[in-house]
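Listed below are the residues making up each chain.
There are 2 protein chains.
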Amino acid sequence: MGRTSDARNKILDAAAALIEQRGYSALGVAEICAVAGVPKGSFYYFFESKQALARTVIDEHWATQRRQWEQLLGGGESPLRRLRDLFEATEEIQRSGQQKAGVVAGCLFGNLALELSNQAEEIRARLQEIFDEQIDLIEQVVVEAKESGLAGPSVDSREAARSIVAQIEGRVLLAKLLNDPAQLEMLWRNCLDLLQVPLEARAAID
Amino acid sequence: MGRTSDARNKILDAAAALIEQRGYSALGVAEICAVAGVPKGSFYYFFESKQALARTVIDEHWATQRRQWEQLLGGGESPLRRLRDLFEATEEIQRSGQQKAGVVAGCLFGNLALELSNQAEEIRARLQEIFDEQIDLIEQVVVEAKESGLAGPSVDSREAARSIVAQIEGRVLLAKLLNDPAQLEMLWRNCLDLLQVPLEARAAID
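Residue numbers (UniProt numbering), protein chains in the order written: chain Y, 1 to 206; chain V, 1 to 206.
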């Protein structure tokens with residue numbers, strides 16, 4: 001029992017690393033098993049298909065990231081400072097990934113959204129849910145920022161949250177393309193702009 | 001001569017459509033030739049490798065798109081209106097692509113940036129140049145907007161242009177994931193926010 005769940009974890013770890021490096025389509029089950037050091041025959045004991053494996057990788061990655069986001073965005077700090085914490089953590093994750101692997105890996109969900117949206121309906125549906133949850137988590141903070149008078153009164157909280165998520169994905173794309181985590185440094189100022197935070201209020205936050 | 005250049009164009013058209021639908025890694029030369037209706041033997045007469053073909057697809061796509069961007073952004077309209085024209089054209093391209101193919105294909109450059117940045121150094125370098133040119137073209141308009149007092153005086157023109165390109169890529173990602181070109185409708189308001197256009201000036205532009 002201990003050995004079988006160990007094999008499952010090895011497959012998951014290998015798949016997560018390989019999908020991060022090379023995407024999903026270019027991978028084969030044989031290669032995943034070889035990297036995991038697990039006989040290919042045992043793969044289908046744990047996973048119905050390569051797509052079922054990818055789905056599990058996505059779910060586990062989001063379970064971890066969601067906990068981080070909830071911790072960063074739910075704290076006692078002012079709403080704008082919590083958003084800044086999220087951006088700084090996002091930059092730090094890409095920076096430490098680059099230090100380990102030599103390259104910025106980008107966002108697993110963004111990578112797979114562009115690669116698989118029109119090829120794997122089940123993956124697309126799951127990624128839609130995850131991005132919706134991300135927008136929900138940010139929206140709650142934007143609502144607080146509006147209630148505190150920090151965000152502009154004409155800001156639509158839902159749309160602003162969606163714009164912030166889009167800005168994160170766009171900036172992560174540039175960070176990956178340029179292999180430069182510093183592309184994420186502007187997220188904080190972008191967010192202040194997208195929330196129409198008055199210029200005079202910005203100095204007080206820093 | 002007419003026939004050989006015809007075969008080259010067939011390969012390029014097939015490759016562009018297949019890369020748009022399924023990405024680069026999952027494609028093989030045999031499949032591209034089959035869709036193009038061209039014998040596989042003739043592929044290497046025109047292209048050194050699959051990567052050389054992808055590079056040509058990218059170059060041709062950017063040559064066309066750059067002309068569009070120059071036309072949209074170089075016109076006689078006010079700078080902000082020209083940016084709005086660019087966003088509307090971007091949405092229209094995704095919308096008409098969806099009407100033809102049933103799905104939003106997204107941005108060829110964004111798709112390949114996430115898929116190939118860490119796998120194909122030559123493609124990465126070319127995509128870096130293209131994104132830089134996009135940022136250049138937008139930056140020129142942002143400079144004009146600042147000079148006309150439409151954009152906020154503390155806006156950094158280069159960084160704002162980069163943020164607008166990131167916002168386009170992020171919004172296109174959501175449009176592809178949700179198969180919904182309307183995700184691009186907010187680009188105009190996002191841009192006004194990122195350029196810190198005063199609220200009272202916005203009504204005058206619409």
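In short, the hints are calculated from the structure, not lab data.
Note that the structure is predicted; figures quoted are calculated from it, not measured.
Note that the Cβ used here is the ideal one computed from N, Cα and C, for glycine as well.
Hints are not guaranteed to be accurate.
Pulled a few chain V residues facing chain Y out of the computed Cβ check, cut under 8 Å [what the hints assert, rightly or not]: (1) G106; (2) L173; (3) A201; (4) A203.
Results of checking the hints against the structure:
1. G106: holds (6 Å)
2. L173: holds (5 Å)
3. A201: violated (13 Å)
4. A203: violated (12 Å)
Violated hints, in rising order: 3 and 4; the structure is consistent with all others.
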